[in-house]
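*Asks:* Just so you know, the sequences run in chain order A and B. Per my numbering, residue 67 is the first one in the first sequence, and the count goes up by one each step. Per my numbering, residue 43 is the first one in the second sequence, and the count goes up by one each step.
Honestly, the hints are just simulated from the structure, not real lab data. Incorrect hints may appear among the rest.
[Stated by the list, open to error] Examples of chain B residues lying across from chain A (beta carbon under 10 angstroms, computed):
hint	residue
1	V53
2	L162
3	L231
4	E275
5	E276
6	A281
7	S293
Beta carbons are placed, not taken as given, at the ideal position from N, Cα and C, and that holds for glycine.
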Amino acid sequence: MVGQTQRVRRSGEEELTRFLLRRIALAVPTLFGIVVVVFLLVHLAPGSPASALGSAESGRRVSAAARAELRHLYGLDRPLPERFVRWLGRVARFDLGESFVDRRPVSERIREALPATLALNGLALFFTLAIAIPIGVAAGGRPEGPFDRGSAVVLFALYSTPVFWAALLVQTLLCVKLGWLPLYGVSSDPAPAGFAGLADRLAHLALPVTCLTYGSLAFFARLVRSGVAEARAQDFVTAALARGLSRRQALWRHAFRNALLPLVTLLGLLLPGLLSGSVIVERIFAWPGLGRLYFDSILSRDYPVVLGLSLLGGVATLAATLAADVAAALVDPRLRESG
Amino acid sequence: MIRRLPASGRVALSVVALLWLVAAISPLFAGRASEIRLEDRLRAPSLAHPFGTDDLGRDLAARVVVATPISLTIGLVAAAVSLSVGFGIGGAAGYFGGATDLLLSRLIEVVLCFPVLFLLLALAAFLPPSPTTVVLAIGLTTWPSDARYARAEILKAKSLDYARAAKAAGASPMRILVRHLLPNALAPLLVSAAFGVSWAILAEAALSFLGVGLPAPAASWGGILSSAPAYIEEAWWLALFPGLALFATVSAYNLLAESLRRATTEAGGK
Numbered sequence: 067m068v069g070q071t072q073r074v075r076r077s078g079e080e081e082l083t084r085f086l087l088r089r090i091a092l093a094v095p096t097l098f099g100i101v102v103v104v105f106l107l108v109h110l111a112p113g114s115p116a117s118a119l120g121s122a123e124s125g126r127r128v129s130a131a132a133r134a135e136l137r138h139l140y141g142l143d144r145p146l147p148e149r150f151v152r153w154l155g156r157v158a159r160f161d162l163g164e165s166f167v168d169r170r171p172v173s174e175r176i177r178e179a180l181p182a183t184l185a186l187n188g189l190a191l192f193f194t195l196a197i198a199i200p201i202g203v204a205a206g207g208r209p210e211g212p213f214d215r216g217s218a219v220v221l222f223a224l225y226s227t228p229v230f231w232a233a234l235l236v237q238t239l240l241c242v243k244l245g246w247l248p249l250y251g252v253s254s255d256p257a258p259a260g261f262a263g264l265a266d267r268l269a270h271l272a273l274p275v276t277c278l279t280y281g282s283l284a285f286f287a288r289l290v291r292s293g294v295a296e297a298r299a300q301d302f303v304t305a306a307l308a309r310g311l312s313r314r315q316a317l318w319r320h321a322f323r324n325a326l327l328p329l330v331t332l333l334g335l336l337l338p339g340l341l342s343g344s345v346i347v348e349r350i351f352a353w354p355g356l357g358r359l360y361f362d363s364i365l366s367r368d369y370p371v372v373l374g375l376s377l378l379g380g381v382a383t384l385a386a387t388l389a390a391d392v393a394a395a396l397v398d399p400r401l402r403e404s405g
Numbered sequence: 043m044i045r046r047l048p049a050s051g052r053v054a055l056s057v058v059a060l061l062w063l064v065a066a067i068s069p070l071f072a073g074r075a076s077e078i079r080l081e082d083r084l085r086a087p088s089l090a091h092p093f094g095t096d097d098l099g100r101d102l103a104a105r106v107v108v109a110t111p112i113s114l115t116i117g118l119v120a121a122a123v124s125l126s127v128g129f130g131i132g133g134a135a136g137y138f139g140g141a142t143d144l145l146l147s148r149l150i151e152v153v154l155c156f157p158v159l160f161l162l163l164a165l166a167a168f169l170p171p172s173p174t175t176v177v178l179a180i181g182l183t184t185w186p187s188d189a190r191y192a193r194a195e196i197l198k199a200k201s202l203d204y205a206r207a208a209k210a211a212g213a214s215p216m217r218i219l220v221r222h223l224l225p226n227a228l229a230p231l232l233v234s235a236a237f238g239v240s241w242a243i244l245a246e247a248a249l250s251f252l253g254v255g256l257p258a259p260a261a262s263w264g265g266i267l268s269s270a271p272a273y274i275e276e277a278w279w280l281a282l283f284p285g286l287a288l289f290a291t292v293s294a295y296n297l298l299a300e301s302l303r304r305a306t307t308e309a310g311g312k
């Protein structure tokens, strides 16, 4: 009897280990693919990046010295395979090169912009879940009820609203007409100290966070809604109600758990969407984060920064999806089988 | 198919038809849209200028109308590129399975890992600016979601009885694909197409808003919107009306896609 349980447990652990190994093994070619795609980005422009730098359309003239440096940096005169191996070697050493704009290491510029983006995206992620989950649970609790239908219409309209348009409208209304919130920036100049300083920063955060949040509400609310609606009809929720749990308890403690798993698995894929949104939102609100750094680097053809940030975005998403998959498998043993 | 659409879907379809109608008659407004009258710059909406005028005194309503075919066409063509690439790669992965599937699925996963706008901006900015560049940039960055969808649909269809029956009857893989699987993939294809168009219109608008979309003088709704931030303190209409056109178009296509999906899944369930 005891031996049997132990055997079962051991095979469960083996299964988990096998799952983890398989998942990581699948991530290795993906990681390699990301590095290849980023490498190809710099070779996109007809001819070479160096020629694109000086092209008339780009509207920017780049000195011959910078062009020569670029050719040297990427070894553009060498054959493609050799270039690729060199690029691989630099990535492996986390050497992203120097920014063309201010000669500082790319990693340093990324590190400077990271906190602003983390604050923005962290808050956006928090509010997305904090708003979408209760809506999804309430809607799934009574499918096709008035709240379900009403919330679906509102979320659908929000989903269809272009973020740059929404940003301009709220800026016009709340900042220009009513004067409640600052138009852009991280803080007032000069920034007030102490508690007023904190309030000032929050006021500056309010609109960018809102703009980064509203678009993804529909997706997550719908995900939670379908999980809850599906579980609601099942015996374990009926049983919970029969045991005397309130409707609210039955929905949150039992039905919502059913929706939690797909939610966790998809969290990793939220990251690229947030970073995409950051580019637009940070540009409109003059927010000094990664999105703005990326956009500025695109405009100034600062290839090392563009490549570094693309690589970072891809690898971070891969890591996040991997972590989400592993977390889901830890919670639900059934997932370990399909891998 | 239209008969099966719910009421919301018919409304969406009418709006889409109306937009294409506006696009068709838009050349009539071309003259008015490009007429620069500096003495009339930044006028608020009035009877003479229902949407007001822009920073060069051009009539904003005419500009929004003239931008309609640009946004709609780019959205349609870019979505077609994305769908062809996506359904080709995803369909092949699902149909052939095995090593092909493993390889193509990695490829899909790789592209999905990048923030779409990162790739989109890089492609649009590094390639010479032209409508072709915009279409290709959008098509080549948004196909992975189409591919994932196509792969799942083909996998599902392959396991259905009619496909297995055709195989048992000795039909060649090509015949099964063309005669049996493709006709049944039509509904998901239409749903993807409608979502794809709305996505592509948004992507083009975002690129043009950021200033790396269509080269001047062609102006899409996103392009008109790009001048709005500079005048945000004085001319709210510059932001409101082009965005409203964009919002109406994107919601109509989204609603159409949603209704198509509902119509086809409900029909399939019965």
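*Asks:* Would you list, in rising numerical order, the hints stated earlier that this structure does not obey?
*Replies:* Of the numbered hints, 1, 3 do not hold.
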